[in-house]
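Listed here are the chains, written in short residue letters.
Number of protein chains: 2
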Amino acid sequence: MSQVYDRVALIGLGLIASSMYWAMKRAGLAGEVTGYARSEATRDTARRIGLCDRVCDSVTEAVEGADLVVLCVPVGAMGAVAAEMAPALKPGATVSDVGSVKRDVISTVAPHIPEGVHFIPAHPLAGTEHSGPESGFAELFANRWLLIVPTEGSDPEAVARLRALWEGMGANVEEMDPDHHDLVLAVTSHTPHLIAYTMVGVADDLRRVTDSEVIKYSAAGFRDFTRIAASDPTMWRDVFLTNKDATLEILGRFTEELFALQRAIRTGDGDLLHDYFTRTRAIRRGIIEAGQDTDAPDFGRVKGTR
Amino acid sequence: MSQVYDRVALIGLGLIASSMYWAMKRAGLAGEVTGYARSEATRDTARRIGLCDRVCDSVTEAVEGADLVVLCVPVGAMGAVAAEMAPALKPGATVSDVGSVKRDVISTVAPHIPEGVHFIPAHPLAGTEHSGPESGFAELFANRWLLIVPTEGSDPEAVARLRALWEGMGANVEEMDPDHHDLVLAVTSHTPHLIAYTMVGVADDLRRVTDSEVIKYSAAGFRDFTRIAASDPTMWRDVFLTNKDATLEILGRFTEELFALQRAIRTGDGDLLHDYFTRTRAIRRGIIEAGQDTDAPDFGRVKGTR
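From first to last, the protein sequence lines are chains A and B. Residue numbering for the first sequence is 1 to 306, as defined by the numbering used here. Residue numbering for the second sequence is 1001 to 1306, as defined by the numbering used here.
Chain A extracted, bound-state conformation (with noise of 0.2 Å):
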């Protein structure tokens, strides 16, 4: 594959960007890539494992030269960050992020943006329970989505350059509105996230079934719940309050669809419970033949590599 970028900086060395770095050095995509974390732990552990071919002590110093800059910070640091690197930018270069939220990182980040420079959100729908400088692995983004969700005017060179990034990491690219993006994420992401964490929360509080057993039978259902409700506490926190409108709707109808359900059971209704359960049934086989998952046991996870 031939090099998309000269310079790369990441900013914030977790899984997505840690993942990014791997992915980009094993495609040949881009030149040197500089990356910055605020905690100096964090960089310290990066340098040792030689993540990034240079690690910066400071978010300009990382930014400085570079032709695409991605934020890849939780999503409630990004206007804060871009404020602090802005000066440093490169004029013609490209800001790009990966949050999970789109309308508010578009808000927060924008005004900071300098004229010349490009900003392009973005958003890789990938991802694992793990987080940290050294959870990244080159094939995360492997066969996943990447959406692509221009502001108004962004440039068509541009936008197809980052396009290319992606697509050289392994990812399929869309182009997605970010109102849209938002409720589409709220429902494939953000509500079920927060109702694994809330069925792991009960399950730690019930007095009467102790933490050791809930650990102990977790198997088959509550085992998937908690891997999911082991995701990086101040991401999901930013999550859950920049995508606030799109979360509380979809949370409202599941509600509503739970209380039917609910009532099923109660009065022992139980058509409605299989009718219920056969259409779910349907739309799982949608999503293996959609090529999202896998129908072998082991759910086509491989073993990553760096």
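Simulated from the structure, these hints should not be mistaken for laboratory data. Please note that the accuracy of each hint is not assured.
What the hints assert, rightly or not - Derived DSSO-like pairs (lysine-lysine); straight-line CA-CA distance at most 30 Å: (1) K1244/B <-> K216/A; (2) K216/A <-> K1025/B; (3) K25/A <-> K90/A; (4) K1216/B <-> K244/A; (5) K1025/B <-> K1090/B; (6) K25/A <-> K1216/B.
All values reported here derive from a predicted model rather than from experimental measurement.
For this one, chain A is given, so just place chain B on it according to the hints.
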């Protein structure tokens, strides 16, 4: 491993029964294993794939002469099957089951068990989202829990023998009383399943986000829900109808917690969210340490064999 029962009868030939057959045969735990399924198509499939040494066309034929009879039908069907087979049971035989609910199974099955036959309810905490005779594999129970729920006056020798069978199939065996079993399972399995079904139903129902978008962008979060929500509709209908009280209790707790988190999102209480998500993360670590899941990207799933 030495043979535990001369003759075993499996009633109902779905995921659990077929996995039991392959596991028993692999370990040499049973002499002849007969099988019966109500549906002729299922019996034909079983004969075609060599599931059971002998597939019978009636439940009485299948249980005749059996030292162990295992009811592997949905919980709601167990009472009728028990009534039908009762006259054909061999004196001294053991009747067990694999139902996900225990109080209800005991109250519907026990009255049909003739004097001199041991009734020892059990529940393997293992499964996949697949169902039917072709979905079983010998490793399904490896390192999973098998809960034995002895009824009043269960013969200790018969219990020990059933335990040996399950241990021979790789399971870890514990005893539990029926009410506590039903509560623990309401927390770790039944309520999580209902919630997953609900979330998938909401996604399917939402007009502004198309099904194809939901399917397409199902990575991280929703995908796991769809897997849970793809489980057998009949089995799960029966679980909720027969474990009504415990499920409704846990659902009540769940809704209460969900409303607290929803309120935190609405009011922007980031500290509450962050604290909650940090606490649930710790539970995940406990599960990994308890050996009920792995930290590795393949989540410890192994390809099944027959």
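Holds or violated: K216/A to K1025/B, with C-alpha atoms at most 30 Å apart: 28 Å, holds
Distance restraint between K25/A and K1216/B, which requires alpha-carbon spacing of 30 Å or less: Since the Cα atoms of K25/A and K1216/B sit roughly 28 Å apart, the hinted pair holds (cutoff 30 Å).
Pair hint outcome, K25/A versus K90/A [Cα-Cα no greater than 30 Å]: Given that 30 Å is the threshold and the Cα spacing comes to 23 Å, the pair holds.
Restraint check for K1244/B with K216/A, where alpha carbons must lie at most 30 Å apart: OK: K1244/B and K216/A at ~23 Å, within 30 Å.
Given hint K244/A paired with K1216/B - CA-CA distance at most 30 Å: Holds: K1216/B and K244/A sit about 23 Å apart, inside 30 Å.
Hinted pair K1025/B and K1090/B, Cα distance within 30 Å: 23 Å, holds
Violated hints for the displayed structure: none, as all numbered hints are satisfied.
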